[in-house]
Amino acid sequence: MRIVSLNAWGGRLHEPLMPYLVNVEADVLCLQEMVRTQGADADWLVYRDHGIELLQRANLFEELKAALPAYDAFFLPVARGDLFEGDRRFDSEFGLATFVRRTYPIIGQAAGFVHGEFSADGYGPHPRSRNAHCIRLFDYERGYPITIAHMHGLRDLEGKGDTPARRHQANALVDLIRQVKHEGDRLVVCGDFNLLPGSETFDILSSLGLADLVTSRGYEDTRTSHYKKQPRFADYMLVTSNVEVITFDPVAEPEVSDHRALLLDLK
Numbered sequence: 001m002r003i004v005s006l007n008a009w010g011g012r013l014h015e016p017l018m019p020y021l022v023n024v025e026a027d028v029l030c031l032q033e034m035v036r037t038q039g040a041d042a043d044w045l046v047y048r049d050h051g052i053e054l055l056q057r058a059n060l061f062e063e064l065k066a067a068l069p070a071y072d073a074f075f076l077p078v079a080r081g082d083l084f085e086g087d088r089r090f091d092s093e094f095g096l097a098t099f100v101r102r103t104y105p106i107i108g109q110a111a112g113f114v115h116g117e118f119s120a121d122g123y124g125p126h127p128r129s130r131n132a133h134c135i136r137l138f139d140y141e142r143g144y145p146i147t148i149a150h151m152h153g154l155r156d157l158e159g160k161g162d163t164p165a166r167r168h169q170a171n172a173l174v175d176l177i178r179q180v181k182h183e184g185d186r187l188v189v190c191g192d193f194n195l196l197p198g199s200e201t202f203d204i205l206s207s208l209g210l211a212d213l214v215t216s217r218g219y220e221d222t223r224t225s226h227y228k229k230q231p232r233f234a235d236y237m238l239v240t241s242n243v244e245v246i247t248f249d250p251v252a253e254p255e256v257s258d259h260r261a262l263l264l265d266l267k
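Residues 1 to 267 in UniProt numbering are what the sequence shown spells out, letter by letter.
Wrong hints could be hidden among the right ones.
[Unchecked claim] Just the calculated beta-carbon pair ranges, DEER-fashion:
{"hint": "1", "residue 1": "Phe138", "residue 2": "Pro231", "range": "23 to 29 Å"}
{"hint": "2", "residue 1": "Asp72", "residue 2": "Gly209", "range": "24 to 30 Å"}
{"hint": "3", "residue 1": "Tyr144", "residue 2": "Ala66", "range": "27 to 33 Å"}
{"hint": "4", "residue 1": "Gly209", "residue 2": "Asp265", "range": "34 to 40 Å"}
Hints listed in this document are in silico derivations from the structure and should not be mistaken for laboratory results. Note that the structure is predicted; figures quoted are calculated from it, not measured. Where is the CB? At the ideal position from N, CA and C, for every residue including glycine.
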């Protein structure tokens, strides 16, 4: 089974992003910063926030859904806010997406907010709401279930250090996973956590028997050349000890976002 986690950056690198996601042959795609804008007739819209303007692919989720017809597709928005084409304003949803190859039946799932709640009238003040999605699949070929969860961790303008909100977020993620995971399941948890490696979040997740593959294997960079700041940790992939890892790679090339894709092959 192949699992890929990626902060898609709103599709800003759409030209390399789409063929990568289509051709990577993932069985499960865990995607953060996905966009869906119903009623938009333009391919690109602009996100505006305190003088900053960022291009967003207007219907990234729907485009990827059409490009991956052999997958079940789930979109889980955290908020509906404004995107613009010039002076025209569009209501646009922003959040997580999960794609699962249909050869792996979904036998359990849960989604919920790990910080804040859904906002229907704007993206809201920082730190903005965040959610997580947890699925339980059955692997027919190998004869066992596996639980997979991903989240987009909250962004705090003060930095990536531990805060009470991040502690709550970690505990909420554990609670969500426990709704789905059965005793003895293989478990994979991934996403853009917006955290530093020493965060207490990892101690909290260790209550599920999880250990991080990024730091434990000596990787020091989960960002691409499109990200100019330090530190360069953001994305993580954690597994329980019964997950047999064949390959794990924070993918350096191609660059499809300001985040690297995390690619896991497991037995």
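Status of the hints after comparison with the structure:
1. Judged by the Cβ atoms, the range 23 to 29 Å given for Phe138 and Pro231 is violated: they are separated by roughly 38 Å.
2. Asp72 and Gly209 have their C-beta atoms about 27 Å apart, which keeps the hinted 24 to 30 Å range intact.
3. Between Tyr144 and Ala66 the C-beta distance comes to about 32 Å, which sits within the given range of 27 to 33 Å.
4. As the Cβ distance of Gly209 to Asp265 is approximately 20 Å, the hint placing it in 34 to 40 Å is violated.
In this structure, the earlier hints numbered 1 and 4 are contradicted, and the remaining ones agree with it.
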